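Taken in sequence, the protein lines are chains A, B and C. Using full-length UniProt numbering, the first residue of the first sequence is number 1, and each one after it goes up by one. Using full-length UniProt numbering, the first residue of the second sequence is number 1, and each one after it goes up by one. Using full-length UniProt numbering, the first residue of the third sequence is number 1, and each one after it goes up by one.
Hints are not guaranteed to be accurate.
Claimed, not checked - With a Cα cut of at most 20 angstroms, we get these calculated EDC-like pairs of lysine to aspartate or glutamate:
#	chain 1	residue 1	chain 2	residue 2
1	B	K189	B	E219
2	B	K201	B	D179
3	B	K201	B	E219
4	B	K201	B	E8
5	C	K319	B	D108
6	B	K57	B	E30
7	C	K232	A	E274
8	B	K124	B	D137
9	A	K362	B	D59
10	B	K201	B	E228
11	B	K57	B	E71
12	C	K250	B	E94
13	B	K69	B	E8
14	C	K319	B	D74
15	B	K201	B	E191
16	B	K189	B	E168
17	A	K198	A	E282
18	C	K319	A	E353
19	C	K319	B	E94
20	B	K69	B	E94
21	C	K319	B	E168
22	A	K45	A	E34
23	B	K124	B	E191
To be clear, the hints were calculated from the coordinates, so they are not data collected in a lab. These numbers come from a predicted model, not from an experiment.
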Amino acid sequence: MDRMPPWADALLVPLISLVLAAILSALVIIGIGEDPVAAVTLMVKGALGSTYGWGYTLYYATNFIFTGLAVAVAFHARMFNIGGEGQAMLGGLGVALVCLYLPLPHWTLALVAATLGAAIFGAAWACVPAVLQARRGSHIVITTIMFNFIAAALLNYMLVNLLRPKGAMDPATAKFPAATNLPTLHDMLTPIGLNFSKAAPANVTLVIALLACLAVWLLIWRTRLGYEIRAFGHSETAARYAGISPTRITVVAMLISGGLAGLMALNTTMGEAERLVLNSVEGAGFIGIAVALMGRSHPLGVLMAAVLFGFLYQGGAELALWTNIPRELIVVIQALVILFTGALDNMVRMPLERLFLSRRRKEG
Amino acid sequence: MTTAPAIELRGISKAFGPVQANKDISILVERGTIHGIIGENGAGKSTLMSILYGFYKADAGEIFIGGQKTEIPDSQAAIAAGIGMVFQHFKLVENFTVLENVVLGAEDGRLLRPSLATARAELKALASDYGLNVDPDAVIADIGVGQQQRVEILKALYRQADILILDEPTGVLTPAEADQLFRILGRLKAEGKTIVLITHKLREIMEITDTVSVMRRGEMTATVRTAETSPTELAELMVGRKVLLRVDKTPAQPGAPILEIENLSVTDSAGVQRLRGVSLNVRAGEILGLAGVAGNGQSELLEVLGGMRTATGRITMNGQPIDLGGRHSDGQSRRARGIGHVPEDRQREGLIMPYSAWENSVFGYHHDPRWQNGPLMDNAGIEAAAQDQMDRFDVRPPNPRLAARNFSGGNQQKIVVAREIDRNPDLLLIGQPTRGVDIGAIEFIHKQIIALRDQGKAILLVSVELDEILSLADRVAVMFDGQIMGEGPAGSATQVGLGCLMAGLGGDDTRDMSGWTISDAAIIEEGTPDVSRIEAQLAEKHADASKEV
Amino acid sequence: MDFATALQILDSTVRLSTPLLLACLAGLFSERAGIFDIGLEGKMLMAAFFSAAVAFVTGSVWLGMLAGIASSMALSALHGLASITFRGNQLISGVAINFLAAGLTVLIAQDWFSQGGRTPSLIGQARFEPLTLPLADTLQTVPILGPLYHELISGHTLPVYFAFLCVPATWWILYRTRFGLRLRAVGENPAAVDTAGISVIGLRYAAVAICGLLCGIAGAYLATALQAGFIKDMTAGRGYIALAALIFAKWRPWYALMSCLLFGFLQAVALRYQNIDLGPVTLPVQFMDALPYILTVVILAGFVGRAIPPRAGGEPYVKER
């Protein structure tokens, strides 16, 4: 028999991990001489207290949904894709090339074309590590880390030497044509009578992110490919027995993962900056790891974790603005979440299992 | 010299979660004897010995070594108490030399050089005392299994062990190598060492032990003098009731060949040749049993036939060739050709342990259009079909939503067998069908296999249990070192003759088996087979193969 | 390129290789014992901050060094707790440690010094001073060898010499001592070590502790010798380059020296030249930045000699029957 009921494994373990991370974060805040209650109040007000705050929270959440799904899909095939950062950078390049060089008359067409561009560039960047893993056994964690750095150098070169408009100083592309600019939540909600902040960057990409959640759910739990990806993730020898090609699954899962990470660029590059800048990813690729771990690689979990991190991100920005707490507090919280949900989960699970076991013994 | 027993266990109990592995076990082993512990897989033998070696801590009970009450919290304490253990899966560092492995954990001081020198001298002495010859500078990965086992024994002796525990030591050995091992154990006993032999093979117990304890479902059911018991009595004690050692079946009515294998060869990723020109055929309505010591190419043959491995040579199925290395050499294509496959290791290959029973019920057949619903899988349809299948094959509990890991070994195997038989294959590959399966399930599975044969299907049975081969198969082929050593009717096969062939030998004993063809590759040798020469030959072949990379 | 320039580049190669080498050997101890460590970066960063902060406050570089080592070893202990005691995912634990260090250093720096996440500049006894080796000045006039000795061998700070001495020391420990034998064994087959009556957990914690110690020195070197104080994210990927160097070196000490010198050299060249004109092609500086990573991928792909990691690496040890 299983040592504890599935609901406890799916909900209780991550929840307790989260509480532990929260307690430690509170201690850190106290350690630097601030009041955690006041800090949380400020964060809630700043991130959720106005449509402006919500606009930013959802904007960040959109990024994290994509990168979280990317890590989650790879997790199902038992691969740890740390390369979300690099894949998202390349996705940005894809978006920029589409927006700058294709004559696109309307944002809907531009969105379709840019979605393809982002996904293809992101997938391409995941392709090399995937093929090396499948064919040569090169550890995907190390290769994707290396590819993050190579992506940074490549993007730097492209922006500084090739894409920068003449005379411009900062390494960034020109502004995208106005026809490619995406409608923000303000633009979308005003016609139906809702008054949403005009200044917040949340945009139509959020809808794409939600659709991506649904698509990933269908893919993993309702299709043959998902069945094969999960089977491969549980046991490679069994997969080979069933005629599931390990090479194919490794590559396909990583292409999907890279494509999802690449899609993040729609939000930052096309939706917000409307041009490609050097550091548009800003660590969202890594936050995807925390989001996927917390969401237990389930799209619904990823969605909730992404919104939580969106809240932390926006709340953290508010904290940095009004208090002496720097934005890096979020990095610490992110680290603690990864630590407790990803690496120290047995610390929570083992005592829980013992608890359930002794309860069952008493009943039996 | 004391007369106190070498080992005495009193009331040992141990539970893993909800599973009670050992229940109130007491045992007494006299000094200078060989004591057997016999029981089915999962009876708790290994757990008991792991407790004695400090690998696990018992929940209750006491241990006395040489009459002294002894606490064994870890392996260090066990070694200090003079206990050495040879595990079923060797605990050697593959890229270390024999010498380094022996020294590891028993060094003289902080520096390595003097320790290695001492050990070298000591190994020489042990080699001449007990006939345990191993090259101290050979790297473990380069030497054969028999040699590796000797290194394990040397490790224990180097640590001055008085008590030696061996866990299923013959599983990986040929009968001749096993004889050699038993001779070594005999010499150790003569020197006053105490030996505990854990096995599930009745023959070994009868051959070499002085006393024997029988375990069943975590309990000790009896301890008897070997001379005063019989295999039948032990078997009864093991399973708790009379065992049918023979399976009821009518003579086979073989038809046309279904599977024909010609000159099949396989070289693995390390460059070692695993199959060397194997030719075989299996006819409709017969069971071909493939016997051999584990690791002589049977697994590779099954993997090639199941599409898990590429090969050279020629295989035809119903007269049509099968792709051995191209796009269609995978499990999907094999299934499409009417080949069902019950793999040797159900937990690593045949099932996805966290998948529910219904998900597992289509594993390998998940491309079947029957289970598709547009672009999605028809999960509800699969679950309903799985429920029906579980009822027919008596899988308990009959709950298709339960994860595979929550079923017992026998019921897991039933899930796999049901899946493969239900597809009505022309050829069924079946590897180690009853490994780790309880007696009740064994009978059920054997009946299913024979029923399939009687429907005119071809069956290729691979098993390392000679008894299983002899009771199920109509025809038997023996593999050794990647080759078929001989082939003939099961009715005229003898244990001794098969044992010789399993060691690659073709002497008088094999020629006595009427209707048998013996391969030229089998070495003709009179009298006692010379194990060391065969080992040397194998090592040479192995080295050659590695060089070719 | 003239002799003086070449000498300068080589001199800077030595200085830039030092933190890589220390971190690489740190990773070697850990990974040879079967504990993967992608948290080298974080440990170095943490040590860099605490060494600079304590050196600034106390005015003693040695107290700074101690603080750096202590902070790095604390993160090692965390990694050990996650990956050895609780048998968690070693890679994820490493990632978490990198973020923890990146966040905490800035957070604490801001709290203590309020200079936007940096420490004040270190001066005097709070930094490691270059050492002049005997006769360096006297021999400077000897052609070729004189300047070579004076610039390249002499005139470095203490941690530099320590780092280079660590190479033979590591080799000796690994291959000539009981501890080394056991360490290598536990990374290949922990069950063999366990059944031999040696504590797998103890050995692995020891390895992880050594890893923390060396990372601590590497971080302290960055903040108190190579530079004068801590700035945000000052390790700048050095932990990952060290990891790459370790793979490049196939987990062996002397090869680690070679690969760290190579990667240090690449950094030195990239630092000095923006673009490298090779006649028909010009190599952009970004290419030089990416080169260590590209080389590592090539090595990992197994086209130039296969890198086989310690067999038990990354797998928590669970006793099996």
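Hint by hint, here is what the structure shows:
1. K189(B) with E219(B): violated (27 angstroms)
2. K201(B) with D179(B): holds (14 angstroms)
3. K201(B) with E219(B): holds (18 angstroms)
4. K201(B) with E8(B): With Cα atoms ~24 angstroms apart, K201(B) and E8(B) exceed 20 angstroms; violated.
5. K319(C) with D108(B): Measuring from Cα to Cα gives roughly 27 angstroms; hence the hint is violated.
6. K57(B) with E30(B): Not satisfied, since the Cα-Cα distance of roughly 24 angstroms exceeds 20 angstroms.
7. K232(C) with E274(A): violated (29 angstroms)
8. K124(B) with D137(B): holds (12 angstroms)
9. K362(A) with D59(B): With a Cα-Cα distance of about 18 angstroms, the restraint between K362(A) and D59(B) holds, given a limit of 20 angstroms.
10. K201(B) with E228(B): Roughly 18 angstroms separates the two Cα atoms, so the pair holds.
11. K57(B) with E71(B): holds (10 angstroms)
12. K250(C) with E94(B): holds (17 angstroms)
13. K69(B) with E8(B): Judged against 20 angstroms, a Cα distance of about 9 angstroms means the pair holds.
14. K319(C) with D74(B): holds (12 angstroms)
15. K201(B) with E191(B): Cα-Cα ~26 angstroms, so violated.
16. K189(B) with E168(B): holds (18 angstroms)
17. K198(A) with E282(A): With a Cα-Cα distance of about 23 angstroms, the restraint between K198(A) and E282(A) is violated, given a limit of 20 angstroms.
18. K319(C) with E353(A): holds (19 angstroms)
19. K319(C) with E94(B): holds (18 angstroms)
20. K69(B) with E94(B): Roughly 36 angstroms between the alpha carbons, so the hint for K69(B) and E94(B) is violated.
21. K319(C) with E168(B): holds (18 angstroms)
22. K45(A) with E34(A): holds (17 angstroms)
23. K124(B) with E191(B): holds (17 angstroms)
Violated hints, in rising order: 1, 4, 5, 6, 7, 15, 17, 20; the structure is consistent with all others.
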